[in-house]
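Sequences and hints are given; from them, build the entire structure.
Which chain is which? The protein sequence lines are S, A, L, V, W and F, in order.
Residue numbering for the first sequence follows the numbering used here, starting at 1 and increasing by one per position.
Residue numbering for the second sequence follows the numbering used here, starting at 1001 and increasing by one per position.
Residue numbering for the third sequence follows the numbering used here, starting at 2001 and increasing by one per position.
Residue numbering for the fourth sequence follows the numbering used here, starting at 3001 and increasing by one per position.
Residue numbering for the fifth sequence follows the numbering used here, starting at 4001 and increasing by one per position.
Residue numbering for the sixth sequence follows the numbering used here, starting at 5001 and increasing by one per position.
The hints are simulated quantities; they were obtained by calculation from the structure and are not laboratory data.
Do not rely on the hints blindly, as some may be mistaken.
As the list claims (entries may be wrong) - Restraint-style ranges between C-beta atoms, simulated for each label pair: (1) A:1201 / S:275: 19 to 29 Å; (2) A:1235 / F:5223: 28 to 38 Å; (3) S:209 / L:2245: 32 to 42 Å; (4) L:2245 / V:3039: 48 to 58 Å; (5) V:3039 / S:277: 40 to 50 Å; (6) V:3248 / L:2039: 32 to 42 Å; (7) V:3245 / L:2245: 18 to 28 Å; (8) W:4014 / A:1202: 43 to 53 Å; (9) V:3084 / W:4065: 52 to 62 Å.
For clarity, every value in this text was computed on a predicted model and none was experimentally measured.
Even for Gly, the Cβ is constructed at its ideal location relative to N, Cα and C.
There are 6 protein chains.
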Amino acid sequence: MTLDPFLVRPLIEAALREDLGRTGDLTSNAVIPAEATATARIIARDPGRIAGLEVAGWVFTALDASVEVAFEASDGDDVGPGAVLGGVGGSARSILGAERVALNLLGRMSGIATLTARVVDLVAPHGTTIADTRKTTPGLRVLEKYAVRMGGGSNHRFGLDDAVLIKDNHIAVAGGVAAAVASARSAVGHLVKIEVEVETLGQLGEALEARPDVVLLDNMSTEELVQAVALVDGRVVIEASGGITPENVADIAATGVDVISLGWLTHSVTALDVALDVVI
Amino acid sequence: MTLDPFLVRPLIEAALREDLGRTGDLTSNAVIPAEATATARIIARDPGRIAGLEVAGWVFTALDASVEVAFEASDGDDVGPGAVLGGVGGSARSILGAERVALNLLGRMSGIATLTARVVDLVAPHGTTIADTRKTTPGLRVLEKYAVRMGGGSNHRFGLDDAVLIKDNHIAVAGGVAAAVASARSAVGHLVKIEVEVETLGQLGEALEARPDVVLLDNMSTEELVQAVALVDGRVVIEASGGITPENVADIAATGVDVISLGWLTHSVTALDVALDVVI
Amino acid sequence: MTLDPFLVRPLIEAALREDLGRTGDLTSNAVIPAEATATARIIARDPGRIAGLEVAGWVFTALDASVEVAFEASDGDDVGPGAVLGGVGGSARSILGAERVALNLLGRMSGIATLTARVVDLVAPHGTTIADTRKTTPGLRVLEKYAVRMGGGSNHRFGLDDAVLIKDNHIAVAGGVAAAVASARSAVGHLVKIEVEVETLGQLGEALEARPDVVLLDNMSTEELVQAVALVDGRVVIEASGGITPENVADIAATGVDVISLGWLTHSVTALDVALDVVI
Amino acid sequence: MTLDPFLVRPLIEAALREDLGRTGDLTSNAVIPAEATATARIIARDPGRIAGLEVAGWVFTALDASVEVAFEASDGDDVGPGAVLGGVGGSARSILGAERVALNLLGRMSGIATLTARVVDLVAPHGTTIADTRKTTPGLRVLEKYAVRMGGGSNHRFGLDDAVLIKDNHIAVAGGVAAAVASARSAVGHLVKIEVEVETLGQLGEALEARPDVVLLDNMSTEELVQAVALVDGRVVIEASGGITPENVADIAATGVDVISLGWLTHSVTALDVALDVVI
Amino acid sequence: MTLDPFLVRPLIEAALREDLGRTGDLTSNAVIPAEATATARIIARDPGRIAGLEVAGWVFTALDASVEVAFEASDGDDVGPGAVLGGVGGSARSILGAERVALNLLGRMSGIATLTARVVDLVAPHGTTIADTRKTTPGLRVLEKYAVRMGGGSNHRFGLDDAVLIKDNHIAVAGGVAAAVASARSAVGHLVKIEVEVETLGQLGEALEARPDVVLLDNMSTEELVQAVALVDGRVVIEASGGITPENVADIAATGVDVISLGWLTHSVTALDVALDVVI
Amino acid sequence: MTLDPFLVRPLIEAALREDLGRTGDLTSNAVIPAEATATARIIARDPGRIAGLEVAGWVFTALDASVEVAFEASDGDDVGPGAVLGGVGGSARSILGAERVALNLLGRMSGIATLTARVVDLVAPHGTTIADTRKTTPGLRVLEKYAVRMGGGSNHRFGLDDAVLIKDNHIAVAGGVAAAVASARSAVGHLVKIEVEVETLGQLGEALEARPDVVLLDNMSTEELVQAVALVDGRVVIEASGGITPENVADIAATGVDVISLGWLTHSVTALDVALDVVI
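In structure tokens form, the structure reads like this:
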């Protein structure tokens, strides 16, 4: 996916308003003359995979269109500690006023990309797709899923409305997998995919008869997954989820599943340490 | 601080719209009858300090005012694994439609509270205040700072506009600490506090002459902090920040500083694992 | 699909504000006492397929939560001229203030449903799916696509972001169908479908090799469509579009295509004549 | 009336967000390089009266301010099939991303202008004003009423708040036309016009005594209208409405009424077929 | 005019958010238990004409729907010092949180009504209409014009879009009054009034030939006004404006003009002193 | 404080939309050609202290970014009658369309600054700070508090959330000043000031023991204030409020209080008479 500034701008403006409050940066407005200029370098203090650099740039220009931004790295790059990611120049007040929001976004997104890249590396020998989930930070889903992409991962649903995912409760209410899939099939258009979650091989067999586009194997052991892969035999996309950690993800990938989806790519992130070195 | 539903509601509605997209929960709308009801229990799968339970309840009622919510725990409680935090009942579609947003908020907030509580425990013998920073997730600052409170921590500035924090760049532009504090003093009203960041004992001495309300000692060693505490001698509030980890936080606290502020309380959080057990 | 009042409410409120302007219903506020009550019947003056009845009810309650609404028909019903669709009761000012917005929505949506139902009937012998397009009225897409569903039709994409549709320009830039599909495949997740538009049988052959989920046959003659259906042989979903009218839609359906998508279901609609008979 | 970009921009942005969804144009973002440029011509495939060309241009620049737009026709022009209305140039992704919204607006507005122009022609010998009503598409009233103007028509009220229109229910509650008009007169300022709707010549006589600014003759036969015109004798503006079709509109105009208002100018429109020929 | 809670609510919510900021009432939330209740009386400390009482009530219920409000006076009432206008009861935190916004609106609106009533009294012997202008507080126009009504005054235009007011610049550009009125006449519908501003009797004569609905006599002396009234002879509504003060308004009224419009009714107001006596 | 255009822009846009309504300036759009240009001078007709000049400029450019604005005075300047404050040039329609909103803001803000400056002069011999309150016009608090600053005054709280102000009700509920201050202290962070309101010297003594940052002496006589100042003896900031008028403010200042806060600086303002001389 690609971030469109038209779509991201409202989120950035809201973040700036959250930080600036009613009256903006009391300190800089009091101490720094309106006409003072500054330049600054965006630095990665820790090594990692970068995501959100362009977003960080939009933060500065959203606050003040006259601020100039230049990048020395790109989203998706791996950088070492101390790497200069880019620079900003313009009104000192504007640069200081946007600094924290820009860094908060860049640090969080790069943290997600870095974590994702680490997991993608772990499963690389198996060619498995690493995907995110809907366990994202409320309000930031698009940015976080973009960061997963920059880490080499792939995106699961963006919301409840862009694909069908049938779980145990749905199956229970519908009276079986077949009925649930049939209901979904008749309710959605021909451009919507249908995924069914199963927990046992028995359920998987039943699910396959309903011909979903994807099956989600929840919390299965590697042994079960191997059997599931054999049972599916390439007919549908296989996604594994639940109970997967950095420690066992390579083993899960080795079972031959197509996709592994991981909530912790986005819900439990260590921000990458990024900073702005300002020279006024 | 206390969360006011009037103020939190827009954030919750935006989070629901992010997840529901254009058409809402395709799956449940297709499979579950409009009139079906459900009950569900909110469960903490891991032990931790709870924050955001009331917020989670507001998510359900924001989507559908007829959903009923009852709590069996409160924000600020420490719970064990498997603890039942509360229950919801009402339209099955509404409960499933709000589930993920409610859990994403509750999990993240409880993760922050749990981490904060752990740090507060570490410094408890010294009575030091643990405070957050502005390194919060864009859009969620109020919720995250509330979670820090529920963890026993305290809140630093909510934004650039509710207190003055003079840093090195400000001092350089102003031509010294005294001038910077004087500028700030004349620019803000008598209900705004002024904090000055210093990196050396020399700067601290100079800063104290300017009579700020708070001094922020950035990245000082424990030896320097001990000297700084002696130098200040109770005249202003002392805050320490920078380079502080769970490993050294008790040592920092032992120096006698009043407040320790920690960005990682909010920027690098492991969500508490919370779940909704739904019975339709 | 199903309309969710949480999602539709902002649209309804905006429509009410558009009609009420700065000060609301000058006439009723001047002439009708604040405490006067009224009852009214919602009537279909022409025969047709109803859609938007619940939406019309939400209009009244959005303006004034104390207005009561009862329905005597449901979305999806076929009704004759003069049919009573429901009733509203409550503040006379509120009912008159919401009347026009409610009828404008109900009339337009029922017009779409009625037209769709007519086309669905025409292709019924062939079991073909009738689908809408993105040629909807700006701002009303969700309501119009819901109306298509109530007419027995199905929904194509809701926007540019929920499925891939590769057209000639994309193919030209990518350097061929295969490359375009491959680019798309790698850019989107495993829950997004990919459709390719082709204009000739030659292109269709090429497209099939790229294994899209759906092929869109644009502006083909019935002869070509018959050949295309044979060529595809059930491997992917076939959608036909372009140059299809009420006069030739049955012939197109008879070729065996799976889906026929029609822009005029939503861009060129005759509103169903609906009225409110008010008794104050 | 004139469209003001400051006022129309929120509507255009909302329409773009409706189409672009969470992540924008999946297809173009995947297949077309960010730096690719394109040019395109806006074409009218059918003959008609153009309205919304400038609006269409604003759609492109709202998404991406660097897109350049040039017009070869103006709103209010009659064009033949295949006429080139203008051109756009710039980022290929931006042009494709804005295409559908621009065309949906231009097609709908030109459809209204074309229909209006046809009716205006029919009554031209009588110099009658053709006016719209409040039966517009929710959310688009300003654009649709502008399109009516471009078709040579005139605008009735823009909402419930900018003129008084007293109908039968108001008269019944007030206890007669005189009382209703008097109530309205005392409630609104000296810059608000008052119109009274009547269905019989008897009511008309009574209404005239109340000295409204305009009388609305609802559903009268041509014979009644002739008598009404004689009765009014130039004292107030006469508007006819109800039961008027393209077939009888000239006869209605021939009765000498000043204004004929027609709901179907906006509620039942065939969009003009407009297209974008893109060259990347 | 009448205030519609549906239309006023966004303004009230914005005012509450302005006062409550990010976290709401720090003091009450810290000191007053969540479950504490309070009752309070709304008091007018000074004598005056009340406006905004219902609005004040909506402020309390907008913050907390469970607060109960009862009125002992009505908008438009004249009250003496110490008059009890109404009471509120419910959550103590909610009542204290909404207090200031409610009083700010009630005090300002009652100040306008009181001032207007004083002027209306001054011209009462002449039956002249006292009208407001567009010189209102940005954001509060509807409330302020309502307050003028409650003071016995009448409303001029609510904005630039609901009536035509041709001034000297317009006349200069158009090449004369006649041309300006003709341009306006052809640009607006038959429900829009046209007013022309003139400064001399010569201009008035010219203006009358253009048959506007209203003439605005700007800054004329009483002698000129007397002559103008004679010249107009009842053919159009006469409005006087400019240079009119409480001291000379009765003399202006005595000239026989129909309407006197006064900017200072809204731009220079002394708020009525209103208070909330809270008992927790 | 300083006004940040990023923060003020939404307020300006809302004010423009309030005045422009659905369709903008009917008159200018009808009479003045789209391509006509104009220049205009912003004039102060009365002498006063200017505030809001930059804001007025932002109004013009918010409506039309191509309008050019140049200032010949600055916020905070004292000007005589007839002073030229600045000029605007560009589209005639844009200048006329923005005129009223720009003047309404400039006139009101300059009225506040002028009044504040007058009071500041009165207390100048005593060096007392003149402060505003929360009795501001709903929606305009930031602009009005900025105007107070331009008048030489200082700002009290911007809302309920940026400082603690403990009043009698809070003290009663808490069971005394000490308990109330303690509750507040533990609820807010170390960067929030705490003020306590007292009405008697006895309460003051009690309050001082609780060590607040500021005491507010409400409605005390000058004799009491003198005693209070002696009692406080420099330990906390002293603010006086209640019953203070332009007549007695100098006497109050002479008592030695630090701050005098005055609601009427913002709630009862005479707008400065400002005008736009337009030449088309």
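Verification of the supplied hints:
1. A:1201 / S:275: 19 to 29 Å: holds (24 Å)
2. A:1235 / F:5223: 28 to 38 Å: Once the Cβ atoms are compared, 34 Å apart, the range 28 to 38 Å for residue 5223 (chain F) and residue 1235 (chain A) holds.
3. S:209 / L:2245: 32 to 42 Å: With Cβ atoms ~40 Å apart, the hint holds.
4. L:2245 / V:3039: 48 to 58 Å: violated (32 Å)
5. V:3039 / S:277: 40 to 50 Å: holds (43 Å)
6. V:3248 / L:2039: 32 to 42 Å: Taking Cβ atoms as reference, residue 3248 (chain V) and residue 2039 (chain L) lie about 34 Å apart, which means the hint holds.
7. V:3245 / L:2245: 18 to 28 Å: holds (23 Å)
8. W:4014 / A:1202: 43 to 53 Å: For residue 1202 (chain A) against residue 4014 (chain W), whose Cβ atoms are near 49 Å apart, the range 43 to 53 Å holds.
9. V:3084 / W:4065: 52 to 62 Å: Since the Cβ atoms of residue 3084 (chain V) and residue 4065 (chain W) sit about 57 Å apart, the hinted range of 52 to 62 Å holds.
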